[in-house]
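Novice: These are the residues of each chain, in order.
There are 4 protein chains.
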Amino acid sequence: MLIVMNHNAGKKQIEAIIKAVELMGYSAAPIPGSERTAIGVLGNKGYVDDATVRALPGVKEVIHVSKPYKLVSRDFHPKNTIVKVAGLEIGAGKRPVIMAGPCAVESEEQILKTARAVKASGADMLRGGAFKPRTGPHTFQGMREEGLKLLSLASRDSGLPFVTEVMSPDTVGLVAEYADMLQVGARNMQNFELLKELGKIKKPILLKRGMCASIEEFLAAAEYILAEGNPGVILCERGIRTFETATRNTLDLAVIPLIKELSHLPVMIDPSHATGKRSLVPPMAKAALVAGADGLMLEVHPEPEKALSDGPQSLTLPGFEKLMREIDRMISFIEG
Amino acid sequence: MLIVMNHNAGKKQIEAIIKAVELMGYSAAPIPGSERTAIGVLGNKGYVDDATVRALPGVKEVIHVSKPYKLVSRDFHPKNTIVKVAGLEIGAGKRPVIMAGPCAVESEEQILKTARAVKASGADMLRGGAFKPRTGPHTFQGMREEGLKLLSLASRDSGLPFVTEVMSPDTVGLVAEYADMLQVGARNMQNFELLKELGKIKKPILLKRGMCASIEEFLAAAEYILAEGNPGVILCERGIRTFETATRNTLDLAVIPLIKELSHLPVMIDPSHATGKRSLVPPMAKAALVAGADGLMLEVHPEPEKALSDGPQSLTLPGFEKLMREIDRMISFIEG
Amino acid sequence: MLIVMNHNAGKKQIEAIIKAVELMGYSAAPIPGSERTAIGVLGNKGYVDDATVRALPGVKEVIHVSKPYKLVSRDFHPKNTIVKVAGLEIGAGKRPVIMAGPCAVESEEQILKTARAVKASGADMLRGGAFKPRTGPHTFQGMREEGLKLLSLASRDSGLPFVTEVMSPDTVGLVAEYADMLQVGARNMQNFELLKELGKIKKPILLKRGMCASIEEFLAAAEYILAEGNPGVILCERGIRTFETATRNTLDLAVIPLIKELSHLPVMIDPSHATGKRSLVPPMAKAALVAGADGLMLEVHPEPEKALSDGPQSLTLPGFEKLMREIDRMISFIEG
Amino acid sequence: MLIVMNHNAGKKQIEAIIKAVELMGYSAAPIPGSERTAIGVLGNKGYVDDATVRALPGVKEVIHVSKPYKLVSRDFHPKNTIVKVAGLEIGAGKRPVIMAGPCAVESEEQILKTARAVKASGADMLRGGAFKPRTGPHTFQGMREEGLKLLSLASRDSGLPFVTEVMSPDTVGLVAEYADMLQVGARNMQNFELLKELGKIKKPILLKRGMCASIEEFLAAAEYILAEGNPGVILCERGIRTFETATRNTLDLAVIPLIKELSHLPVMIDPSHATGKRSLVPPMAKAALVAGADGLMLEVHPEPEKALSDGPQSLTLPGFEKLMREIDRMISFIEG
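Chains as they are written, first to last, in my numbering: chain A, 1 to 336; chain B, 1001 to 1336; chain C, 2001 to 2336; chain D, 3001 to 3336.
Bound-form chain A, shown alone:
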């Protein structure tokens, strides 16, 4: 059970609650938040009668928790959340949003060329990494702020808003200054300090599923962002780690309808990281749309064989153009 206090509840009121809980035979654990304090009730088995505490001064709400998330759940918020990114609406149940671009920003020429090409093919947003999480320290780590500037340039040049990854709480401000949407990578899905920081900004967040995160943990990670006050979260499945090594990851498309049942947040799919193989990207992209995805994130590179990262899974510019024609046809079909 969770007792949520009013945001102006004082120390005394909180202490009174704790005493009341202890008198009921349970333990009380205050959980200070940036806006308000909540008090967790521990040691209960099964349902707790909340009549006593509900009546005490300073109590805003008493929540009977069973799942580690609440704000993201459809029970709590039955209507679909629509996330707005620079004029685009994601999750509105209309045309899916296509984000495309290179894994990493490598040069002005590369990002400008890619942005213009994907725009011409019909992409809605530009993607590209400036801060790159890499398995080992001896590989290209991204162009960092310089990369943000190039993304910004390419965005203005092409007219496409852009999304890029943020890797630590202290760079949230910097990235938010440039990007239209901030991405949390799979490896940081449970970097809770980062999630909390992202909960405090106004920009929308694209949260990628950790490679061995359960759906419950994925939704609970999103809950961290919503709990701090930022409702604009998009969930992105990018493949999970399994015993199968023939593909880079195993794309778990069933999470699209599953998350739609459990949550009101939009769901996107990244078939590039999920499969790790260029030829598998188009069929999985189209399957994702049919399964109900609100958008796709696709890696596109003008010269994949020279890419500093993720070349084998990047679509070429003509490959992307071809896929977009198929996606257009698919979307017309879905829209019926």
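What the hints contain is simulated information worked out from the structure, not anything from laboratory work.
Beta carbons are placed, not taken as given, at the ideal position from N, Cα and C, and that holds for glycine.
Check each hint, because a few of them may be wrong.
[What the hints assert, rightly or not] Some residues of chain B that are not near chain D, with every Cβ distance over 12 Å (derived): (1) D1050; (2) A1086; (3) A1120; (4) I1240; (5) N1249; (6) K1277.
[Stated by the list, open to error] Listed next, the in silico BS3-like pairs over lysine-lysine satisfying Cα-Cα at most 27 Å (straight line): (7) D:K3277 with C:K2079; (8) D:K3079 with C:K2277; (9) D:K3067 with A:K277; (10) C:K2019 with C:K2079; (11) A:K12 with D:K3149; (12) B:K1322 with B:K1113; (13) B:K1149 with B:K1306; (14) D:K3277 with C:K2067; (15) C:K2079 with D:K3322; (16) A:K306 with D:K3012; (17) D:K3202 with D:K3079; (18) C:K2067 with B:K1277; (19) B:K1322 with A:K94; (20) B:K1149 with C:K2012; (21) D:K3277 with A:K306; (22) A:K200 with A:K60; (23) D:K3203 with D:K3079; (24) B:K1060 with B:K1019; (25) D:K3196 with A:K196; (26) B:K1306 with C:K2011; (27) A:K322 with B:K1094; (28) C:K2094 with D:K3084; (29) D:K3011 with D:K3060; (30) A:K149 with D:K3196; (31) D:K3149 with A:K196; (32) D:K3119 with D:K3084; (33) A:K322 with B:K1079; (34) C:K2019 with B:K1196; (35) A:K67 with C:K2196; (36) A:K149 with D:K3012; (37) D:K3067 with B:K1067; (38) D:K3306 with D:K3322; (39) A:K119 with A:K322; (40) B:K1067 with C:K2306.
Take the given structure of chain A and dock chains B, C and D to it, following the hints.
Specialist: Only chains B, C and D this time, still in chain A's reference frame:
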């Protein structure tokens, strides 16, 4: 390296090969088959010059193996295999084949009612289990031969050919007497004695992927059937076991285009076992078709809440009818 | 709920039970066994009052099932089961039993040499494969009956009883004629027809855990053997399949104390298949004993570099001799 | 290939290297570090002749990389690293180090009581969480700086140095002010910004394996810390995520000898998080020591049933005392 002997090669010819291999500095391992003997060459690192052995009497073929399969590979057989089942053609790149029916045959009434209903909704084949592999021995194990008779009755009554599971080498003959296609369940994918027996019959085989089988192992299992002389194998993905417990299994749809690259055999999808949840079946069924599946296997039950097995994942009759209308539309689009 | 009938219960008595169950508002599913019929009660939510059925003629016992196993559970049978193999006692809580030998029998010389050597080093039993389950059909499949004869010869010569794998129901009789203990391999853990056949013989069974089998499924597989009347089952952990590829499998040693809590059956460990790497076998063997294993199964080959299968994980004869000295010391310590 | 520059190499020297690499037909990616720049060479297939670049001014070293780590590898540094923590030596091949304490610091009384008790039983270090990564935001998140102060108090009181978790780059300084060793939790194993920050401090680091991290990724994560200049890293296995749900995680003990082959860093085991079940902790703790672990991390709580986190896996004070007696005996045996 594998030296395949003529089917009438004698003991002396085989011994001469073994001696030749040993003189080359390798070990020779005779692998007797039901029709012919093959001789494995062991202890080599890298490619072996096969000129010496190729010239010896009785040698049919010398195969340089690197994968555990060859007959099923597209390298070896570039054209799609079309499996024919009682007039239907699976893998022909035309309309996908829909197989529907209950997890288990439970009674004459149940199977007749289901067969008529799925036929009316547009199914191409009937499915139903007479021999049921169950985790523990204290649950319903299937109606066995009585179930085969009821399936046969329902098949004649509805005009739908039927597929049913076979669980051991000694019942292959019995099941083949009744069924139009024999199914190997996920738990038996590496029951090699069963696979060999199925290689000796003329009926087509539906081979389900083991719940933790890699694609390489899946193809190698099919190789056992082809190696014994039965070319009619359909591969069926039914979800793999991962850490995620929110769905019964994790449906690995990327194997559709992946297997199409590696092999010439048809690929089907079973979204019922893959998800374990009725509401997830229709979106995954449609996604599978878009990804290129040659067919679907769907659990349908007139009263899922009373099913002796797999009720929660079975479609109701109206649910199946509704899905078939969407599938029809989807197929027209794909053929488009 | 499961209603177990007397072995001489007739058709009429069974029909009376079914009617009674249906009158209670549930479904009844007869489960015919080789000795007696059981009737599963379906459609109940929670506990069912069994007073009515318990009183009917022909009813032997009414079992309230929640787990898919009962006979193997410690609740049902609190005392450790001791499995006797040719004079050896496994699971008696005394000196662990060491089984050693090659993955596959390859020749008379190889198996005789190995048997004598492992006997001299202190092994209690000989192991070796005559029927080999191999991923693909183009690799060495074992010497089959010829292998059984060589194992028998080596057993008589060395005085060591032997265990060997059986792969199909129709060879159970043949293998049981030669072997002192029959092994079910990981790939056949859920080959239920094979398990049922093994339940009808008098020889002890070594059941290996499937590579993606949960502990619940593992115990339920053993239940199949016990349910048919054979109480002599030893459970053997041999590594499970995970995302980690640095070892062949992931050895799950925590199952030793876990199974000891849940079941009364002896537990063995096979560190050779679990790790796939010779250098990791000795530390894992010793760790298994400290964790409470009743025995070890170790691959030993006189010339691992020439082995037809599993060479890289086989101990050499001197390597085994060295490990046995450490194991002796370890056992003295444990018995301490 | 990686070209490591002298720490005083200037911009001009770096540009000369880049030009040279490009003239060789490859791409050059500068990787700025806190102390020196390295230049990655990309686009090569196989070995690159490094004669040209090796001769250029400012080049310190040319490394031919195949693994994503080098500094942590035993090839590079054959002798065991000994990590010193407040007088203790970890990895010296002598008596393993036992760290014990509660999952989370909850109160002064709790931590003082626990510290005194584990000290009395023979523990070498105190553990306890002040910053707690929790799946969802509505559960106890730790006492943060207040918790650090209490740990410090308990450390001084008991004479035990302490280790505690750090969750974000910006709190590294704060935690390092108090703790004798800083812990990176499993969820942050690939929080690369945190790892880089920890590479810049002088205190030893306990790096926990991510729950789905391969050994290669685990070592590469440690490489981030060493690459920034901190050689004092201890690797800690705490169970990986698999399909098995009977235990909280699957303890992968084979990594102890495996990591000892690949790396010179000390290895510890956390059997509490690995199993999630009190009764399984002692057998796994002892098995870990026999397998060669340099230390153990154990959760101990004076009243596990009231713990704010991880109660079911915490040892009681008498349970810990009993285990320490067995460990003492085990260590005497190992030291032999």
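Novice: It remains to establish, for every hint, whether it holds in the given structure.
Specialist: Quick rundown of the hints versus the structure:
Here D1050 of chain B stays apart from chain D, with its beta-carbon at least about 28 Å from theirs, past the 12 Å limit. At roughly 38 Å, the least C-beta separation between A1086 of chain B and chain D is larger than 12 Å, which holds for a residue marked as non-interface. Consistency note on A1120 of chain B: stated as away from chain D, and its beta-carbon is indeed over 12 Å from all of that chain's, at 40 Å minimum. Remark: the non-interface label on I1240 of chain B conflicts with the geometry, its nearest Cβ contact in chain D lying 9 Å away (cut-off 12 Å).
Consistency note on N1249 of chain B: stated as away from chain D, yet its beta-carbon is not over 12 Å from all of that chain's, at 10 Å minimum. Every CB of chain D lies more than 12 Å from the CB of K1277 of chain B, the least distance being 18 Å, so the non-interface label holds. Annotation: proposed proximity of K3277 of chain D to K2079 of chain C holds, straight-line Cα distance about 23 Å (limit 27 Å). At most 27 Å may separate the alpha-carbon atoms for a hinted pair to count; K3079 of chain D and K2277 of chain C meet this at roughly 23 Å.
The straight-line distance between the Cα atoms of K3067 of chain D and K277 of chain A is roughly 22 Å, inside the 27 Å bound, and the hint therefore holds. Using a Cα cut-off of 27 Å, the hinted pair K2019 of chain C and K2079 of chain C is violated, with the two alpha carbons roughly 38 Å apart. The straight-line distance between the Cα atoms of K12 of chain A and K3149 of chain D is roughly 24 Å, inside the 27 Å bound, and the hint therefore holds. At roughly 17 Å between alpha-carbon atoms, K1322 of chain B and K1113 of chain B fall within 27 Å of each other, so this suggested pair holds.
This hinted pair checks out: K1149 of chain B and K1306 of chain B have alpha carbons roughly 22 Å apart, not beyond 27 Å. For the hint pairing K3277 of chain D with K2067 of chain C, the CA-to-CA distance comes to about 20 Å; that is within 27 Å, so the pair holds. A hinted pair counts as satisfied when its Cα atoms are at most 27 Å apart, and K2079 of chain C with K3322 of chain D qualifies at roughly 25 Å. This hinted pair checks out: K306 of chain A and K3012 of chain D have alpha carbons roughly 25 Å apart, not beyond 27 Å.
Restraint check for K3202 of chain D and K3079 of chain D: satisfied, since their Cα atoms lie roughly 21 Å apart, inside the 27 Å limit. For the hint linking K2067 of chain C to K1277 of chain B, the alpha-carbon distance of about 22 Å falls within 27 Å, and the restraint holds. Of the supplied pair hints, the one linking K1322 of chain B and K94 of chain A holds, its CA atoms being roughly 23 Å apart against a limit of 27 Å. In summary, the hint linking K1149 of chain B to K2012 of chain C is supported, as the alpha carbons are separated by about 23 Å, within the 27 Å threshold.
Distance restraint check for K3277 of chain D and K306 of chain A: the Cα-Cα separation of roughly 50 Å exceeds the 27 Å cut-off, and the hinted pair is therefore not satisfied. Proximity of K200 of chain A to K60 of chain A is assessed by CA-CA distance (about 21 Å); at most 27 Å being required, the pair is judged to hold. As the CA atoms of K3203 of chain D and K3079 of chain D are separated by approximately 21 Å, the hinted pair is consistent with the 27 Å bound. The suggested pairing of K1060 of chain B with K1019 of chain B holds, with an alpha-carbon distance near 17 Å, which does not exceed 27 Å.
Proposed proximity of K3196 of chain D and K196 of chain A is supported: the alpha carbons are some 21 Å apart, at most 27 Å. The hinted pair formed by K1306 of chain B and K2011 of chain C meets the criterion: a straight-line CA distance of about 24 Å does not exceed 27 Å. Under the criterion of a C-alpha separation no larger than 27 Å, the hint pairing K322 of chain A with K1094 of chain B is consistent with the structure, at around 23 Å. A C-alpha spacing of about 41 Å is found between K2094 of chain C and K3084 of chain D, which places the hinted pair above 27 Å, so the restraint is violated.
With a C-alpha separation of about 15 Å, the suggested pair K3011 of chain D and K3060 of chain D falls inside the 27 Å cut-off, and the hint holds. Distance restraint check for K149 of chain A and K3196 of chain D: the Cα-Cα separation of roughly 24 Å lies within the 27 Å cut-off, and the hinted pair is therefore satisfied. Distance hint between K3149 of chain D and K196 of chain A is fulfilled; the C-alpha atoms sit about 24 Å from each other, no more than 27 Å. Distance restraint check for K3119 of chain D and K3084 of chain D: the Cα-Cα separation of roughly 19 Å lies within the 27 Å cut-off, and the hinted pair is therefore satisfied.
With a C-alpha separation of about 25 Å, the suggested pair K322 of chain A and K1079 of chain B falls inside the 27 Å cut-off, and the hint holds. The straight-line distance between the Cα atoms of K2019 of chain C and K1196 of chain B is roughly 44 Å, outside the 27 Å bound, and the hint therefore fails. Simply put, K67 of chain A and K2196 of chain C have alpha-carbon atoms about 42 Å apart, too far for the 27 Å limit, and the pair is violated. With a C-alpha separation of about 24 Å, the suggested pair K149 of chain A and K3012 of chain D falls inside the 27 Å cut-off, and the hint holds.
A distance of roughly 25 Å separates the Cα atoms of K3067 of chain D and K1067 of chain B; the hinted pair therefore holds under the 27 Å criterion. Between K3306 of chain D and K3322 of chain D, the direct Cα distance comes to roughly 21 Å. Compliance with the 27 Å bound is thereby established for this hinted pair. Of the supplied pair hints, the one linking K119 of chain A and K322 of chain A holds, its CA atoms being roughly 13 Å apart against a limit of 27 Å. Taking the CA atoms of K1067 of chain B and K2306 of chain C, the gap is about 20 Å. The hint holds against a cut of 27 Å.
Checked against the numbered hints above, the structure violates hints 4, 5, 10, 21, 28, 34 and 35; every other hint is satisfied.
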